[in-house]
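All chains, please: the whole structure from these sequences, using the hints.
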Amino acid sequence: MNDYKGLLLVLDETYDFYNTWLAGYIDANGDFFFRIDSKNDIHTIYMGLIIFSNNDELLHQIKSFLGGYVDFNNNINKYYYKSYHDEYLNIIHIYDNINFISEKKRRELIYMKAIHHTTKGRFDLHGLLFLKISRFVNKINKYK
Numbered sequence: 026m027n028d029y030k031g032l033l034l035v036l037d038e039t040y041d042f043y044n045t046w047l048a049g050y051i052d053a054n055g056d057f058f059f060r061i062d063s064k065n066d067i068h069t070i071y072m073g074l075i076i077f078s079n080n081d082e083l084l085h086q087i088k089s090f091l092g093g094y095v096d097f098n099n100n101i102n103k104y105y106y107k108s109y110h111d112e113y114l115n116i117i118h119i120y121d122n123i124n125f126i127s128e129k130k131r132r133e134l135i136y137m138k139a140i141h142h143t144t145k146g147r148f149d150l151h152g153l154l155f156l157k158i159s160r161f162v163n164k165i166n167k168y169k
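First residue of the sequence shown? That's 26 in my numbering, and the numbers climb one at a time after it.
Be careful, since some hints might not be right.
Unchecked claim - Distance windows between CB atoms, simulated:
#	residue 1	residue 2	range
1	154	100	33 to 39 Å
2	99	141	19 to 25 Å
3	53	154	31 to 37 Å
4	148	118	17 to 23 Å
5	146	63	16 to 22 Å
6	46	114	19 to 25 Å
7	141	94	19 to 25 Å
8	56	159	16 to 22 Å
9	167	85	32 to 38 Å
10	129	160	27 to 33 Å
Calculated from the structure, these hints are not laboratory results.
All C-beta atoms in this analysis are idealised placements derived from N, C-alpha and C, irrespective of residue type, glycine included.
See below:
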């Protein structure tokens with residue numbers, strides 16, 4: 026197992042996440058998510074990234090870089106980083122500059138870009154837009 030905490034101490038606060046290390050770490054430990062919540066005929070799409078780790082320092086550095094938040098999950102005794110909404114554009118930007126990426130993450134990023142393009146950045150979905158995006162999200166989650 027890699028000692029990311031020791032790595033961070035060596036690299037101090039000058040670590041540059043614009044490289045393949047962050048993409049590889051997300052590939053190994055992260056998961057993109059796509060979800061639609063419906064309440065009172067208001068449909069909201071959530072897309073983002075979740076990373077579970079025992080190393081809260083690393084997750085806080087990722088949070089400082091991407092946005093989002095870090096919390097602790099008592100059920101699995103691990104910290105997690107989670108991003109929503111605007112932070113996913115930061116994630117897309119990072120991967121746009123990196124050629125090293127797994128096939129699964131590449132497909133998920135294509136889905137993120139397609140949803141962003143279709144919704145034009147809006148997260149509240151209505152009418153035909155809701156139907157189109159909900160079919161798309163169901164298809165994505167079917168293959169995860």
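The hints, checked one at a time:
no., hint, result
1, 154 x 100: 33 to 39 Å, "holds, 35 Å"
2, 99 x 141: 19 to 25 Å, "violated, 33 Å"
3, 53 x 154: 31 to 37 Å, "holds, 34 Å"
4, 148 x 118: 17 to 23 Å, "holds, 19 Å"
5, 146 x 63: 16 to 22 Å, "holds, 20 Å"
6, 46 x 114: 19 to 25 Å, "holds, 21 Å"
7, 141 x 94: 19 to 25 Å, "holds, 21 Å"
8, 56 x 159: 16 to 22 Å, "holds, 20 Å"
9, 167 x 85: 32 to 38 Å, "holds, 34 Å"
10, 129 x 160: 27 to 33 Å, "violated, 21 Å"
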